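K.L.:
Letter by letter, the chains look like this.
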Amino acid sequence: MTDAEIAVAFAALAARLIPATDTMPGIGDVADLEQGLATVLNSRPDLRGDIMRGLGVAHRDGADAAIAALQAGDREAWAALGLAVASIYYGAPRVQDILGYRGPERRTYDADATPNYVTNGMLDIVKQRGPIWRQA
Amino acid sequence: MTRQSCDVLIIGAGASGALAARYFAGAGMSVTCLEQGDWVRPGDYPGAKPDWELQRRQRWHFSPNVRQLEADYPLEVSDAEVYPVMFNGVGGSTIVWGAQWHRMKPSDFRVRTLDGVAADWPIDYETLAPYYDRVDHDVGVSGLAGDPAYPEQPAYPLPPLPIGVAGMRMARAMNQLGWHWWPGSNAIPSKAYGNLNPCARLGTCVGGCSEGAKASVDLVYWPAALKDGARLITGARVSEVLVSDNGLATGARYIDRGGESHVVDAAIVVMCANGIGTARLLLQSTSKRFPDGLANRSGLVGRGLMLHPLSAVIGVFPDSVEGWLGPAGHMIQSMEFYETDASRGHVRGGKWSLMPTGGPMGAHPGLAGAPFEAGWGAAGHAAVAATLGKSVLWSIINEDLPDDDNRIELDGALTDSDGLPSVKVTYRIGQNTHDQAAFQIARATESMQAAGAVMTIPVPVIKEAGGHLLGTTRMGTDAGASVVDSLGRSHDVPNLYVFDGGSFVTSSGVNPTATILANALRCTEAVIAARRDQRVAA
Numbered sequence: 001m002t003d004a005e006i007a008v009a010f011a012a013l014a015a016r017l018i019p020a021t022d023t024m025p026g027i028g029d030v031a032d033l034e035q036g037l038a039t040v041l042n043s044r045p046d047l048r049g050d051i052m053r054g055l056g057v058a059h060r061d062g063a064d065a066a067i068a069a070l071q072a073g074d075r076e077a078w079a080a081l082g083l084a085v086a087s088i089y090y091g092a093p094r095v096q097d098i099l100g101y102r103g104p105e106r107r108t109y110d111a112d113a114t115p116n117y118v119t120n121g122m123l124d125i126v127k128q129r130g131p132i133w134r135q136a
Numbered sequence: 137m138t139r140q141s142c143d144v145l146i147i148g149a150g151a152s153g154a155l156a157a158r159y160f161a162g163a164g165m166s167v168t169c170l171e172q173g174d175w176v177r178p179g180d181y182p183g184a185k186p187d188w189e190l191q192r193r194q195r196w197h198f199s200p201n202v203r204q205l206e207a208d209y210p211l212e213v214s215d216a217e218v219y220p221v222m223f224n225g226v227g228g229s230t231i232v233w234g235a236q237w238h239r240m241k242p243s244d245f246r247v248r249t250l251d252g253v254a255a256d257w258p259i260d261y262e263t264l265a266p267y268y269d270r271v272d273h274d275v276g277v278s279g280l281a282g283d284p285a286y287p288e289q290p291a292y293p294l295p296p297l298p299i300g301v302a303g304m305r306m307a308r309a310m311n312q313l314g315w316h317w318w319p320g321s322n323a324i325p326s327k328a329y330g331n332l333n334p335c336a337r338l339g340t341c342v343g344g345c346s347e348g349a350k351a352s353v354d355l356v357y358w359p360a361a362l363k364d365g366a367r368l369i370t371g372a373r374v375s376e377v378l379v380s381d382n383g384l385a386t387g388a389r390y391i392d393r394g395g396e397s398h399v400v401d402a403a404i405v406v407m408c409a410n411g412i413g414t415a416r417l418l419l420q421s422t423s424k425r426f427p428d429g430l431a432n433r434s435g436l437v438g439r440g441l442m443l444h445p446l447s448a449v450i451g452v453f454p455d456s457v458e459g460w461l462g463p464a465g466h467m468i469q470s471m472e473f474y475e476t477d478a479s480r481g482h483v484r485g486g487k488w489s490l491m492p493t494g495g496p497m498g499a500h501p502g503l504a505g506a507p508f509e510a511g512w513g514a515a516g517h518a519a520v521a522a523t524l525g526k527s528v529l530w531s532i533i534n535e536d537l538p539d540d541d542n543r544i545e546l547d548g549a550l551t552d553s554d555g556l557p558s559v560k561v562t563y564r565i566g567q568n569t570h571d572q573a574a575f576q577i578a579r580a581t582e583s584m585q586a587a588g589a590v591m592t593i594p595v596p597v598i599k600e601a602g603g604h605l606l607g608t609t610r611m612g613t614d615a616g617a618s619v620v621d622s623l624g625r626s627h628d629v630p631n632l633y634v635f636d637g638g639s640f641v642t643s644s645g646v647n648p649t650a651t652i653l654a655n656a657l658r659c660t661e662a663v664i665a666a667r668r669d670q671r672v673a674a
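Chains as they are written, first to last, in our numbering: chain Y, 1 to 136; chain G, 137 to 674.
Think of the hints as simulated: they come from the structure by calculation, not from any bench. Take the hints with a grain of salt, since some may be wrong.
Said to hold, decoys possible - Chain Y side only, calculated, beta carbon under 8 Å to chain G, not exhaustive:
no.: 1; residue: A15
no.: 2; residue: V40
no.: 3; residue: A63
no.: 4; residue: Q71
no.: 5; residue: G82
no.: 6; residue: A86
no.: 7; residue: S87
no.: 8; residue: G100
no.: 9; residue: P104
no.: 10; residue: P115
no.: 11; residue: Y117
no.: 12; residue: I125
no.: 13; residue: W133
no.: 14; residue: R134
no.: 15; residue: Q135
Quick caveat: nothing in here was measured; it's all calculated off a predicted structure. Yeah, the Cβ is synthetic: ideal placement off N, Cα and C, and Gly gets one too.
Based on the sequences and whatever the hints tell you, model everything.
P.N.:
This is the structure we're talking about:
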């Protein structure tokens, strides 16, 4: 397959997997899929063989037929394509803004502050029930 | 081939090996440690990177069969209902552990006496308690003393980590039900501690902590061990433990990354390669004197494998519980159903840990294996919208009892990258454990519902989560029914020791690393104290 054929096959499959709905954009609306696929393969070169095999089926038979065939007969290619598509989509800033999730988040806290479950008596309820360990 | 010598040869640079190296070297003994993997640095981990969910599924996966690194050895698991997982490198499996930190309880050491099953340990809680106290401080545990699920113990060195929105919600529900909960104890520092940075709550602990804020032993013990002169050789795959004509260990042979063989001579050999790796090496180390493998006159090396089948209950709430925030680690814990209650129809119990569920790829049904119609398209969008940030899970450790048919053997066909025989795992979940898991899942589901969950998802067994590798070289007083004595010394080879989780007699219902470290400290100091009387080959 040429680079252009790979791009067309991947875009068609990705659009079937993650289409637009009333509340969420489709993958083609939020990401450069060609660049996204390159990024995925750079991060996970082990996926290349499975992805290219799956795209070969999509190129030959079309996206819908490929989805049916890969689910039934090539789970590795199916899983690899799903991973690539999902990784591109959920890494897109617009999707992250909609979901309110921007990746692993640093959250500051005061470790020396007395926790509210101590000050509000919640933990006292546990203590008042007494020991629950078994003497040996 | 090179040849060098030392007082103590340690095989494996994970939890027990790192601790042993640190204390042996600190006592002035010359130490060499052979580790088949490499160093990993916090900056290597994907935890804070945009593609962390993608990376975690391969390079930083728990399973050697998924990672397939040169340092890993493959596992044949077609006869296993739970797959052993581990990390092979400096730090061992603490690189990818969740750092939930628990002592075993007094009853865990007396299973035969109290419940009539398995066997009692040759040591008790009181013996181990002072060592637990010390390793709490070595690793910098964050937690709150006074948990009524345990005998009294000193304060942890650091205050507990925040329990978050999810922890508070579940704690209220547990109080409503009248059930035990307690803020989670974690080997994750809430404040800077030794070589460790404070936890940033990224929630990506189990893929390796990119903040340097998790007590993996490459950060906790190895710097001090190396400063005191311990020698750590990475990329060194041990092929056999060597013995003298009179049946004493003399060291080990290893293969470097270039395929060249080397020998390290030692007065004492300490196996710290985990409950799979140690048994594998002992079985590989056959000789005229030990035709069935070293330290294996009992025939028990590799047998009695315990893996702690993990169950989970996911609760999905109508609103956000910030379900991707750490620690992971755990926020709160419950031991309400830990101790035996005969009315339940099974013995023993388990511990619950409340954990985050992670990012959108973890929430996506298509990536979890759902078929196209149910997992992708509008269905995929709907599932992520419904669960991302709005879900949390109880991770449930089920105590599995030792069964000699659960075992590891050398595999006749599978080899590692050096051509050494790898491991076949046979593991079946016993009926008592099945019953226990069903009970725990039902109660955990009730707790989620009490907390307001609109949907609960039970997971009876998480197959690729057998990270607690226990029991394959168990300790005991009877040389016919155990492999090592109460100090980890082989019954058959008096200068060969096992300090890792293989020496566990039973598995308990808690994460084992605190016990592995406390026991390794006890055994290490016993060897140091008796070193002048130690029988050696030379």
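K.L.:
Which of the numbered hints are not met once you compare them with the structure shown?
P.N.:
1 and 3
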